[in-house]
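> Using the hints, build the complex out of the two chains.
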Amino acid sequence: MNARRLSVRFVALGYLLLILVGPLSMLFWRIYREGADKAWAAITDPDTIHAFKITLEIAAIAVPLNTIFGIVVGLAIVRLRFPGKGLVNAFVDLPLALSPVVVGLSLFLLYGRTGWFGPWFQSHGYRILFALPAMVLATVFISVPYVAREVIPTLREVGDEQEQAARTLGASAWQTFWRITLPSIRWAVIYGVVVTTARCLGEYGAVAVVSGSIQGQTETATLRVQDYYENLNQAGAYGVALVLGVIAIVVLIAMTLLKPKEGTA
Amino acid sequence: MSISARHISKRFGTFVALDDVSVEVTTGSLTALLGPSGSGKSTLLRIIAGLERPDAGEVILGGEDATQLSPQNRGVGFVFQHYAAFKHMTVRDNVAFALKIRKRPRAEIRARVEELLELVQLQGFGHRYPAQLSGGQRQRMALARALAAEPEVLLLDEPFGALDARVRTELRSWLRRLHEETRTTTVFVTHDQEEAMEVADTVVVMNQGHVEQAASPRDLYDKPTNPFVMSFVGQANRFGESWVRPHDLKITLERNGTTSEVLIDRLVHVGHEVRAELIRDDGERLDLLLTRDEAERLELTAGQIVYVKPTRETTFEQPAV
Numbered sequence: 001m002n003a004r005r006l007s008v009r010f011v012a013l014g015y016l017l018l019i020l021v022g023p024l025s026m027l028f029w030r031i032y033r034e035g036a037d038k039a040w041a042a043i044t045d046p047d048t049i050h051a052f053k054i055t056l057e058i059a060a061i062a063v064p065l066n067t068i069f070g071i072v073v074g075l076a077i078v079r080l081r082f083p084g085k086g087l088v089n090a091f092v093d094l095p096l097a098l099s100p101v102v103v104g105l106s107l108f109l110l111y112g113r114t115g116w117f118g119p120w121f122q123s124h125g126y127r128i129l130f131a132l133p134a135m136v137l138a139t140v141f142i143s144v145p146y147v148a149r150e151v152i153p154t155l156r157e158v159g160d161e162q163e164q165a166a167r168t169l170g171a172s173a174w175q176t177f178w179r180i181t182l183p184s185i186r187w188a189v190i191y192g193v194v195v196t197t198a199r200c201l202g203e204y205g206a207v208a209v210v211s212g213s214i215q216g217q218t219e220t221a222t223l224r225v226q227d228y229y230e231n232l233n234q235a236g237a238y239g240v241a242l243v244l245g246v247i248a249i250v251v252l253i254a255m256t257l258l259k260p261k262e263g264t265a
Numbered sequence: 001m002s003i004s005a006r007h008i009s010k011r012f013g014t015f016v017a018l019d020d021v022s023v024e025v026t027t028g029s030l031t032a033l034l035g036p037s038g039s040g041k042s043t044l045l046r047i048i049a050g051l052e053r054p055d056a057g058e059v060i061l062g063g064e065d066a067t068q069l070s071p072q073n074r075g076v077g078f079v080f081q082h083y084a085a086f087k088h089m090t091v092r093d094n095v096a097f098a099l100k101i102r103k104r105p106r107a108e109i110r111a112r113v114e115e116l117l118e119l120v121q122l123q124g125f126g127h128r129y130p131a132q133l134s135g136g137q138r139q140r141m142a143l144a145r146a147l148a149a150e151p152e153v154l155l156l157d158e159p160f161g162a163l164d165a166r167v168r169t170e171l172r173s174w175l176r177r178l179h180e181e182t183r184t185t186t187v188f189v190t191h192d193q194e195e196a197m198e199v200a201d202t203v204v205v206m207n208q209g210h211v212e213q214a215a216s217p218r219d220l221y222d223k224p225t226n227p228f229v230m231s232f233v234g235q236a237n238r239f240g241e242s243w244v245r246p247h248d249l250k251i252t253l254e255r256n257g258t259t260s261e262v263l264i265d266r267l268v269h270v271g272h273e274v275r276a277e278l279i280r281d282d283g284e285r286l287d288l289l290l291t292r293d294e295a296e297r298l299e300l301t302a303g304q305i306v307y308v309k310p311t312r313e314t315t316f317e318q319p320a321v
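Those protein sequences? They're chains X and H, same order as listed.
Everything in the first sequence is counted per the numbering used here, starting at 1 for the first residue and increasing by one.
Everything in the second sequence is counted per the numbering used here, starting at 1 for the first residue and increasing by one.
Keep in mind that the hints were calculated from the coordinates and are not lab data.
Mixed in with the good hints there might be a few duds.
[What the hints assert, rightly or not] Label-pair distances were calculated between CB atoms; the ranges are:
no. : chain 1 : residue 1 : chain 2 : residue 2 : range
1   : X       : 110       : H       : 104       : 33 to 43 Å
2   : H       : 11        : X       : 156       : 51 to 61 Å
3   : H       : 22        : X       : 156       : 33 to 43 Å
4   : H       : 164       : X       : 15        : 45 to 55 Å
5   : X       : 98        : H       : 164       : 18 to 28 Å
6   : X       : 88        : H       : 284       : 55 to 65 Å
7   : X       : 88        : H       : 219       : 52 to 62 Å
[Unchecked claim] Taking lysine to aspartate or glutamate pairs in the DMTMM-like style, the calculated list, with each CA pair at most 20 Å apart, reads:
no. : chain 1 : residue 1 : chain 2 : residue 2
8   : H       : 103       : H       : 150
9   : H       : 309       : H       : 281
10  : X       : 38        : X       : 227
11  : H       : 100       : X       : 163
12  : H       : 223       : H       : 313
13  : H       : 87        : X       : 227
14  : H       : 250       : H       : 282
15  : H       : 223       : H       : 254
16  : H       : 100       : H       : 115
17  : H       : 87        : X       : 157
18  : H       : 87        : X       : 163
19  : H       : 223       : H       : 248
20  : H       : 87        : X       : 160
21  : X       : 53        : X       : 227
Cβ atoms here follow ideal geometry from the backbone N, Cα and C, with glycine treated the same way.
Just chain H, with the same shape it has in the complex (with noise of 0.2 Å):
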């Protein structure tokens, strides 16, 4: 089921969460909203679900306004950041919920709940209670949970913002399989741009409650439309006019006409990779990135007086606000 938001506005007393957006949300997609806290993607994804009303704007999904429906008659899945677990129900009951709701037959539900709860790895958890879980294994019940009315559309918000690194990346690949299997139409909150840029293929930034851009993952990183997407996703240097990503500089031992002098302040091995922080002669700091052996070649030392160049920079026709 597309999803359209469609100039969409949303204010909290004097806070302007959202300010005439609009998104489109292809059928089958997987959609990130990334952006950083109070830009609005968590409002807007509310929004979607029915959560909260706009004060403006509609919400179109599958072709039909929702703009007036409760949550309860949109059909869509929600998973929330903190799991929202029926505390007071086992694992199985929680799951179940969506189908006894919808009264279907004792016999249907049980199959599909062992279906489910095999889908999101947790067979032989479902007499536990959710305070039994731990967090990872919380999201996943959550999940099932969304996933059980069979919903044309699933929205999670922040998902994985609450469990430690090693389960968020194994959640994310694992979402990533989920929808690979059953193409529902996914929307995600995420203020990780690397979450965003690995899992999502549309990511949607936002900013200060506006759309700065939404394109896949590659367009983005590589054609961000303003200074904000490109500083946002992935790392970046102002450099004069333009900007310039860490590994588009390339360093060189001798000056030449179009180089820059800058100062090593720093080295910091990180894995294979070398990442040299600089101090250009007018005082603008750099980070530029190396492989370690091109560093080892170039005999690199802190204090060091080196020279730079971009390989490729961007420039926008506005500068940096």
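Here chain X stands alone, though its shape is the one from the complex (with noise of 0.2 Å):
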């Protein structure tokens, strides 16, 4: 029994090791191969930097908006009757289904010159494919269900009757909200949105279609990774890698810290 017990802890350990701790410390030590003013300096890059305010700006666009249509939806599956719930519960689902690559040519395709949207938007001027717009629209639909997906379950098992007793007790539907219903889920809110924030940095695939990897401009953190490595600037990769490493494993940390208060929320 006990070294039954052992042995899963083994090979739990040792799939995350191999797996997960592994290339990151891989990463290190190229970085001390390769030298690490060379990967300074590349991360010092105004290119870099740059890259990194893009990403940090997607990001601040995405997770707000994914956070409050997380709630809504999350309530409206939780707490309503509607036809085509069912089908709306599934849809939230569909970024994690679906490919980033695929996310990102449909967006191409959408907004492209001969898509349903592109024409309008070129016509009145404003710019979408190869800059911000569109980045955020693929960050925005890539981090859709992390949200929803922690608030859905909290909110079942809150169950309405604090909701029902704010109401007799004279509050409104939107005090009830703010006072009962948010605060009783506030912690898989919390922990949705390091999730989500998570996923907005880390987006590759369906920027990269979407964005034309434009140095100084439509490039982010992970592309920037990409550009540096094509370019034979090893140390520089391995640098900005890093750094995107080292902000997983402080949103590891905020997610370890945060999943243990869910119970006695």
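If you want it as structure tokens, here you go:
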């Protein structure tokens, strides 16, 4: 019994080391070998800094949008009865099932010169593709499910009796949401926001298709890694990748700190 | 505030929860909605509170049509079976909720909350969270919360259903006393006939989405209008075409013209009373209650043949369903 438990733990830990920790440590090792100064130069390069700025800008738009969307859709799915609810519920998961490249491609087709919306925007002087709007659209699409998926089970578990009680005590629907519903799902929302943020910062495939990867303009941090790598500046690629890796670790720690609180909230 | 529910119907899918139900509750009364599960009693209470919309019929509160009003605007206090405590708030904030919503001055809120906590005997618990309270304490907190805005109607949905027997009896008499003090029109739902008879001054017996009878506890027991009420409120034996309460059967050792012959199947001693489970010669089972003294005087034993005769029986025009 004890031996079996130990071996299960060993396999789980070994798997994690091999799949997750291994590659990340490899990054450190390679930077050390290629020269930390070269990596630092790559990280502090104006185009790299711009790439991080763009990445954060996109996240700053996509995360709040999907947080609000996730809460609204979660409430609709759990609290309301409406036709087509199953379909909405399934559609929320679509970005999880769909490859980001396909998302990027469909946006490309939609807003391209011959797409449904492309010509309209073009004639009104808006640039969608190869610019921030398309990158935001792609990232928003990719990161839709995370807040909703955290909020839905929590809403189910909390039930609606507290909300009903608030209503009988004189609270309006809006007051009930702010004072009762939101506080009782707050840990799920925060957790969802952290995951969504991580997903937005790491997005590559869909953004790669629609952004055009123009250095210093439409290049995100992940695209910057690719850029360095293709141009044989390996130390640069490793350096930027390492920054992304550190962000991931910070996110991971934040998630671990938040998760146990769910039970007591 | 008086409550009048008129011709209320409500279905959930194909299940008929309420079928043309009308109930009158007079101002200041303490009314019980009593019935087995699925009788529609909770649904009726929730419709009065505005938590559920009726398919047909109207709810009149204090003479005014409230059918279309949201629960927010009905001025009704509601207490849930499972407390519905605001888990992320302290006891004090729970109780203060209705007052904060109404934007009362802070000093007034503080004073009122202290007063309410004292009323429900939770002084000193104000800083705790609901998770740190026992079931009985949580329900008292929920009551204080419902009373905070001085509702003219207090509705309680199986308020003591989730509590253990001792706490339940305690809270029962407490609710009775509270009502005597405040005289707030109160309606509570219960499936426990003893609870309804003990606490309420009017009991509405419901069954399968209908009202079977609405009367004082005493009239309900003594003058039931149909077999369902007869057998649901207190115990009753079928005795040929009529019904007899277990204590309205007289036992004798000798036969006479009007007695029925029975076999004593079992004798159960319950405190100072003895319940005799009898089998009549036609196979019908009867329960009979007598005092221990009487049982000892007659030297009753299981397996014995004795004779019974009703001292008081009730007949209904229609036979039991």
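> Compare the structure with each hint and give your call.
Here is what the structure says about each hint:
At roughly 54 Å, the beta-carbon separation of residue 110 of chain X and residue 104 of chain H lies outside the given 33 to 43 Å, and the hint is violated. One distance hint, 51 to 61 Å for the beta-carbon pair residue 11 of chain H and residue 156 of chain X, is violated here, with the actual separation near 25 Å. Checked against the hint of 33 to 43 Å, the pair residue 22 of chain H and residue 156 of chain X passes, with Cβ atoms roughly 36 Å apart. Checked against the given bound of 45 to 55 Å, the beta carbons of residue 164 of chain H and residue 15 of chain X, roughly 48 Å apart, stay inside it.
About 53 Å separates the C-beta atoms of residue 98 of chain X and residue 164 of chain H, a value inconsistent with the hinted range of 18 to 28 Å. The hinted window of 55 to 65 Å between residue 88 of chain X and residue 284 of chain H holds, with their beta carbons roughly 59 Å apart. Residue 88 of chain X and residue 219 of chain H have their C-beta atoms about 54 Å apart, which keeps the hinted 52 to 62 Å range intact. Using a Cα cut-off of 20 Å, the hinted pair residue 103 of chain H and residue 150 of chain H holds, with the two alpha carbons roughly 15 Å apart.
At roughly 14 Å between alpha-carbon atoms, residue 309 of chain H and residue 281 of chain H fall within 20 Å of each other, so this suggested pair holds. A hinted pair counts as satisfied when its Cα atoms are at most 20 Å apart, and residue 38 of chain X with residue 227 of chain X qualifies at roughly 15 Å. Between the alpha carbons of residue 100 of chain H and residue 163 of chain X the distance comes to roughly 16 Å, so the proposed pair stays at or under 20 Å and holds. Taken as a hint, the residue 223 of chain H and residue 313 of chain H pair is honoured in the structure, with Cα atoms around 11 Å apart against an allowance of 20 Å.
A hinted pair counts as satisfied when its Cα atoms are at most 20 Å apart, and residue 87 of chain H with residue 227 of chain X does not qualify at roughly 51 Å. Pair hint residue 250 of chain H plus residue 282 of chain H holds up; C-alpha atoms about 19 Å apart against a cutoff of 20 Å. Between residue 223 of chain H and residue 254 of chain H the alpha-carbon distance is near 31 Å, which puts this suggested pair outside the 20 Å criterion. A threshold of 20 Å between alpha carbons decides the hint, and for residue 100 of chain H with residue 115 of chain H the separation of about 16 Å falls inside it, so the pair holds.
Restraint check: the Cα-Cα separation between residue 87 of chain H and residue 157 of chain X comes to about 13 Å, which is no more than 20 Å; the hinted pair holds. Distance check on the hinted pair: residue 87 of chain H and residue 163 of chain X sit about 12 Å apart at the alpha-carbon level, within 20 Å; holds. Under the criterion of a C-alpha separation no larger than 20 Å, the hint pairing residue 223 of chain H with residue 248 of chain H is consistent with the structure, at around 14 Å. Between the alpha carbons of residue 87 of chain H and residue 160 of chain X the distance comes to roughly 13 Å, so the proposed pair stays at or under 20 Å and holds.
Distance restraint check for residue 53 of chain X and residue 227 of chain X: the Cα-Cα separation of roughly 16 Å lies within the 20 Å cut-off, and the hinted pair is therefore satisfied.
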